[in-house]
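In terms of my numbering, the sequence shown is residues 72 to 565.
Derived by calculation from the structure, the hints in this document are not laboratory data.
Careful: at least some of the hints might be erroneous.
What the hints assert, rightly or not - Derived Cβ-Cβ restraints for the label pairs, each shown as a range:
1) H300 / E494: 16 to 22 Å
2) R426 / S250: 51 to 57 Å
3) A314 / S472: 48 to 54 Å
4) K78 / E166: 53 to 59 Å
5) K78 / R426: 31 to 37 Å
6) N299 / D514: 54 to 60 Å
7) H434 / E494: 30 to 36 Å
8) E86 / V247: 49 to 55 Å
9) H516 / H361: 39 to 45 Å
As the list claims (entries may be wrong) - Lysine to aspartate or glutamate pairs mimicking DMTMM-like chemistry, simulated, CA-CA at most 20 Å apart:
10) K321 / E482
11) K310 / E234
12) K492 / E482
13) K78 / E430
14) K98 / D388
15) K452 / D436
16) K352 / E364
Here a beta-carbon is modelled for each residue, glycine too, at the ideal position from N, C-alpha and C.
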Amino acid sequence: MDNKAKKLLSMYKPEKIYENFGDVIRKLTIKGMKGTNCAITFDFPITAISGFNGAGKSTIAQIALSAYNSPSEEKRKYLKDFFIKTLLDKSPYLEDASIDIDYAAKYEPSKLKQLSLFGDADEGETLRRVHMHYSTDRWAGYRHQPQRQVYYYGMSYFIPYQELNSNLLRDSNANVVSSAIFDSKIVERVSEILSIEYEGLKNNSISNDKREEKVISAKSISADYSENHMGCGEGRLLKLVYALENAPNKSLFVIEEPETALHQLAQHKLSQYFLDVCLRKKHQIIFTTHSTELLSSLPVEARKYIERQKDFTAVVDNATIALLNNRLSGGYYKGLTIVTEDKIAERCLKEIIRRFKPELLGHCDIIGLDIGFTQVRDYVKWSRECNFSVCGVLDENSKKSLAQYILAFPENVPPEKAILKDEVVIAFFKTEYDYDITKLKGDHHSFFSDISKELSEPLDYIVSMSIKKYVKSKNQDYYSEIINTLSAWTAELK
Numbered sequence: 072m073d074n075k076a077k078k079l080l081s082m083y084k085p086e087k088i089y090e091n092f093g094d095v096i097r098k099l100t101i102k103g104m105k106g107t108n109c110a111i112t113f114d115f116p117i118t119a120i121s122g123f124n125g126a127g128k129s130t131i132a133q134i135a136l137s138a139y140n141s142p143s144e145e146k147r148k149y150l151k152d153f154f155i156k157t158l159l160d161k162s163p164y165l166e167d168a169s170i171d172i173d174y175a176a177k178y179e180p181s182k183l184k185q186l187s188l189f190g191d192a193d194e195g196e197t198l199r200r201v202h203m204h205y206s207t208d209r210w211a212g213y214r215h216q217p218q219r220q221v222y223y224y225g226m227s228y229f230i231p232y233q234e235l236n237s238n239l240l241r242d243s244n245a246n247v248v249s250s251a252i253f254d255s256k257i258v259e260r261v262s263e264i265l266s267i268e269y270e271g272l273k274n275n276s277i278s279n280d281k282r283e284e285k286v287i288s289a290k291s292i293s294a295d296y297s298e299n300h301m302g303c304g305e306g307r308l309l310k311l312v313y314a315l316e317n318a319p320n321k322s323l324f325v326i327e328e329p330e331t332a333l334h335q336l337a338q339h340k341l342s343q344y345f346l347d348v349c350l351r352k353k354h355q356i357i358f359t360t361h362s363t364e365l366l367s368s369l370p371v372e373a374r375k376y377i378e379r380q381k382d383f384t385a386v387v388d389n390a391t392i393a394l395l396n397n398r399l400s401g402g403y404y405k406g407l408t409i410v411t412e413d414k415i416a417e418r419c420l421k422e423i424i425r426r427f428k429p430e431l432l433g434h435c436d437i438i439g440l441d442i443g444f445t446q447v448r449d450y451v452k453w454s455r456e457c458n459f460s461v462c463g464v465l466d467e468n469s470k471k472s473l474a475q476y477i478l479a480f481p482e483n484v485p486p487e488k489a490i491l492k493d494e495v496v497i498a499f500f501k502t503e504y505d506y507d508i509t510k511l512k513g514d515h516h517s518f519f520s521d522i523s524k525e526l527s528e529p530l531d532y533i534v535s536m537s538i539k540k541y542v543k544s545k546n547q548d549y550y551s552e553i554i555n556t557l558s559a560w561t562a563e564l565k
């Protein structure tokens, strides 16, 4: 798990949430809103809601937007702004529709259950609940909501400038009234996400005395240009990052499909940026998505998968990438998903396949779940019962069960111990650093981190070199069961 994600999780413990993030939304219990009936928790500063079109992702996101009063003169968001009665939409919600919003509240050790305004929050939590219900043609409960700055970035918040049919930039009477230069840190961040080397960015106010528009301009190593010559993905990302960086700390951002018009690497880097900005500015971010690339850097606590049933909306917490790939493709994802107990095991398995059967890498997805062997077994069992192509590779050989699609490494100890007790690996650290790794003590999960700190080398380098040296020291026969079995299971899918 990413170090920033770990830190955010530690800051999001029930007794610490309010202190770090204020009165964020912790749970929504929704009844009768556009066919959505569910209870969904928000277990991380970032919550990514995934599911089929029409599952209710936007319904949940828009309800979250209506959960706060505005701390400024800016107009707040109301449910009526999103759930509108029209000629063709006479009943966007039921007559007895209701919403319970649980907010984080100040931790009081002597009072683990706080009374809310309209009912009790869940036992053992530090929550404050506001109950909203539809009554006499209006929604009741708004005045009891806390204050927070709220930002909504729906699908239409950025339309490419050329598609706006605006002539302001071509108007001879128009002038640049002012230009706000992007902070150098923001320039660095958007450059990293988009893989574009920006030298500078500006947010320009353009006016012809009749109207005014905000138009971004960019200076890169190859050209100077404005939004008029930007694609949708570039312009959308620039405005989103600008807003996240300039919003007051502890704001709520609700974003519809932030992956729109971004290439895969940019999607992955955007999710890493979300972790960074939440750590620095203590925002709560809720977004809808269909992109597993965007979800890949987020911990499972940030991922929700929803599915509309006949009378309710099912919410799957802690959704893995394997589950999302299979669910979002409706089972048509034909690759073999291989789950391991943790990230070290994932990297070991990838190196084994890369060295001895590299063609397999194009037909499988290997994911370290950071769970125990019993949970891996249960996950594989459940997935295969749902006709998903999933198998597991456990740390210890004695726990394998090929009949249940459970493989294991050849050793009977965790990979960290096997690798760092290997003579070739021991010799490498002794020769290269004059460092004796046989003296390592304590929890084996921290061995690589201990070496990294002791030698002042990047953790990723220590892990990578250790695994490569270890796997290279073995021959193909040593891993024949893993290679042959995975090859056979992959062939079953063709």
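Range hint 49 to 55 Å (beta carbons of E86 and V247) holds or violated: holds, 50 Å
Given hint E364 paired with K352 - CA-CA distance at most 20 Å: violated, 24 Å
Distance restraint hint 16 to 22 Å, applied to the beta-carbon atoms of H300 and E494: violated, 60 Å
Given hint E430 paired with K78 - CA-CA distance at most 20 Å: violated, 37 Å
Given hint D388 paired with K98 - CA-CA distance at most 20 Å: holds, 13 Å
39 to 45 Å as the expected CB spacing between H361 and H516, which holds or is violated: violated, 34 Å
Proposed proximity, E482 with K321 (alpha carbon, max 20 Å): Roughly 48 Å between the alpha carbons, so the hint for K321 and E482 is violated.
Assessment of proposed distance window 54 to 60 Å (beta carbons of N299, D514): Given about 57 Å between the Cβ atoms, the range holds.
Consistency of beta-carbon spacing, E166 to K78, with hint 53 to 59 Å: At roughly 45 Å between Cβ atoms, E166 and K78 fall outside 53 to 59 Å, so the hint is violated.
K310 paired with E234 [C-alpha distance capped at 20 Å]: holds, 17 Å
Outcome for the supplied range 30 to 36 Å, where the beta carbon pair is H434 and E494: holds, 34 Å
Pair hint K452 and D436, alpha-carbon separation not exceeding 20 Å: Roughly 17 Å between the alpha carbons, so the hint for K452 and D436 holds.
The structure fails to meet hints 1, 4, 9, 10, 13, 16 from the earlier list, while all remaining hints are met.
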